[in-house]
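Engineer: The residues making up each chain are set out below.
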Amino acid sequence: MSEWWTYRPEDFLLFSPRVYWRMFELHNAALWPLHVFALAAGLIIILLLAWRPRGYARWLALLLAILWIFVGWTFLWNRYADINWAAAYVAPAFVVEGVLFLVCGPLLDSLAFDRRGLAGCIGYFMLAFALAGQPLLAPLQGRGWASSEVFGIAPDPTAIATLGLLLLARGRSLLLLLPIPVLWCLLSGMTLQTMGEPQAWALHAALALAAIACLRTALRPSAHSG
Amino acid sequence: MRTTRRTFVRASLATSAAALLPISLRAQEGSPARRPIPSTREAVPIVGLGTWITFNVGGDAVLRDECAGVMAAFFQAGGRMIDSSPMYGSSQPVIGYGLQKLGRPSTLFSAEKVWTSSAAAGPAQIEQSRRFWGVPTFDLVQVHNLLAWKEHLKTLFQMKATGAVRYVGITTSEGRRHDLLEQIMRNEPIDFVQFSYNVVDRQAEARLLPLASERGIAVIVNRPFRQGALTQRLKSEPLPEWAAELGVSSWAQVILKFVLSHPAVTVAIPATTRVDHVRENLAAAGGPMPDLAMRKRISAYVQAL
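If you read the sequences in order, they're chains A and B.
Sequence positions in the first sequence follow the numbering used here and run 14 to 239.
Sequence positions in the second sequence follow the numbering used here and run 14 to 318.
Worth flagging that the hints you see were computed from the coordinates, not collected in a lab.
Computed from a prediction, not measured in an experiment: that's the story for all the values here.
Virtual Cβ for every residue (Gly too), placed ideally from N, Cα, C.
Hints may contain errors.
Quick partial rundown of chain B residues pointing at chain A, CB under 7 Å, derived from the structure [claimed, not checked]:
#: 1; residue: 66
#: 2; residue: 69
#: 3; residue: 70
#: 4; residue: 71
#: 5; residue: 72
#: 6; residue: 73
#: 7; residue: 102
#: 8; residue: 103
Put together the whole structure using the sequences plus the hints.
Structural biologist: Written out as structure tokens, the structure reads:
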């Protein structure tokens with residue numbers, strides 16, 4: 014792309030906010046009542062974190078793997094790519110994230126979701142927001158429940174919840190698992206901001222909180238407990 | 014450089030001479046004014062329909078029907094040229110849906126683009142676009158944003174020679190790469206050139222518009238409303254008294270008439286999702302057009318806001 018410095022984010026916005034939010038309405042209507050199962054998966058994740066039964070990290074990673082592949086396929090590939098050709102290139106990244114969770118969780122068992130301290134608190138907060146807060150943003154902004162973004166159905170709450178869970182996690186595989194949710198939050202936050210949508214702040218805040226937690230963890234490795 | 018009396022008159026004369034016809038900006042009652050495409054003298058209505066963002070509605074049945082409604086109003090008001098690109102998401106299949114619903118209006122002037130960095134992929138992309146539209150051939154195919162322009166122009170000239178396309182063009186937007194565009198306009202036998210031009214973004218007046226007149230190249234103007242930013246900015250401003258001389262009812266018509274009144278402009282392609290706006294745009298193609306003094310007045314007024 015020549016003269017790339019003359020391009021602004023709005024030059025890459027191919028659709029209007031109305032089309033974007035109606036896409037969620039149609040997506041929700043098409044997948045209902047899978048939302049119940051997706052929210053149940055969220056609840057199971059919280060219960061696994063709270064009780065930590067034997068092999069819980071594998072189950073948790075398996076659930077995330079299924080949801081990332083599901084969102085990548087149903088939302089990005091089958092729906093979002095209709096109005097944004099770039100989504101067709103992002104959809105495989107969601108599948109890659111799912112496969113990485115499968116490898117790091119059920120196959121290698123290289124994850125432990127037991128970090129406490131500031132990172133742990135931020136992680137729980139982000140998880141709670143993604144599950145219970147994000148779906149409320151649509152009605153709070155006057156769009157009605159129909160266009161709500163639900164964890165495991167829409168990409169933003171899925172990515173924010175995953176970031177939160179990864180802040181709770183330990184293990185080298187974090188370096189593999191973090192980039193895709195971070196990049197999605199960045200991309201989606203920029204898209205919403207370009208559309209002039211206030212809820213861009215949710216993604217920007219998620220990234221800022223994740224950065225603070227990672228920095229704190231990097232600076233105080235001894236503060237970890239598990 | 015702004016349009017001066019000299020450049021304005023020169024462009025008017027060059028355009029007229031190229032077409033061997035006087036420029037008639039007064040529309041016949043009930044139909045928009047037309048201007049000739051210099052290379053063939055085929056006359057086209059001076060307001061077309063852009064589809065950037067507005068027609069990218071995916072598989073949303075409600076919004077597809079709304080787009081078809083916009084197209085219906087466009088054809089009903091005498092519009093002909095619809096412009097799209099493979100870059101515009103689902104706009105092409107949405108146009109195809111509208112055309113099918115409207116019984117494929119025979120007055121359609123289909124303007125498409127080729128947009129791929131691979132020269133070899135150009136013909137396949139054009140064929141895919143044609144299928145989306147559901148038309149036998151395109152009237153005009155343009156190289157989008159000068160991407161791989163040498164290779165694609167070669168393909169398009171071959172297609173023109175075999176009758177697979179009637180006109181060949183090249184596009185850019187938002188004032189980018191005007192030097193290269195000028196070079197292509199000087200050296201290649203293109204029928205159309207497309208770039209951004211509006212009451213605020215007037216770089217094209219310096220060289221591109223006069224050159225198009227000199228070389229007999231039809232000009233399509235994109236972003237006449239600066240992608241809605243101009244109409245949004247003027248929304249709360251009352252129309253000045255002098256606007257009555259133009260027979261307009263909105264700021265959108267004033268700034269569209271500013272674009273259309275440049276003698277080198279062949280067609281402007283505002284995009285919209287609203288039936289009332291498409292009618293308003295087509296209506297701006299009729300009635301009195303601003304002369305040079307009025308153009309200066311419009312420009313000064315808008316710049317001062």
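Engineer: Each of the hints needs a verdict: does it hold here or not?
Structural biologist: Hint check:
1. 66: Check passed: Cβ of residue 66 (chain B) comes within 6 Å of chain A, closer than 7 Å.
2. 69: Given a least distance of 5 Å, the restraint on residue 69 (chain B) holds.
3. 70: holds (5 Å)
4. 71: Cβ of residue 71 (chain B) sits 4 Å from chain A, so the hint holds.
5. 72: holds (6 Å)
6. 73: holds (6 Å)
7. 102: This hint holds: residue 102 (chain B) lies near chain A, its Cβ roughly 5 Å from the closest one there, short of 7 Å.
8. 103: holds (5 Å)
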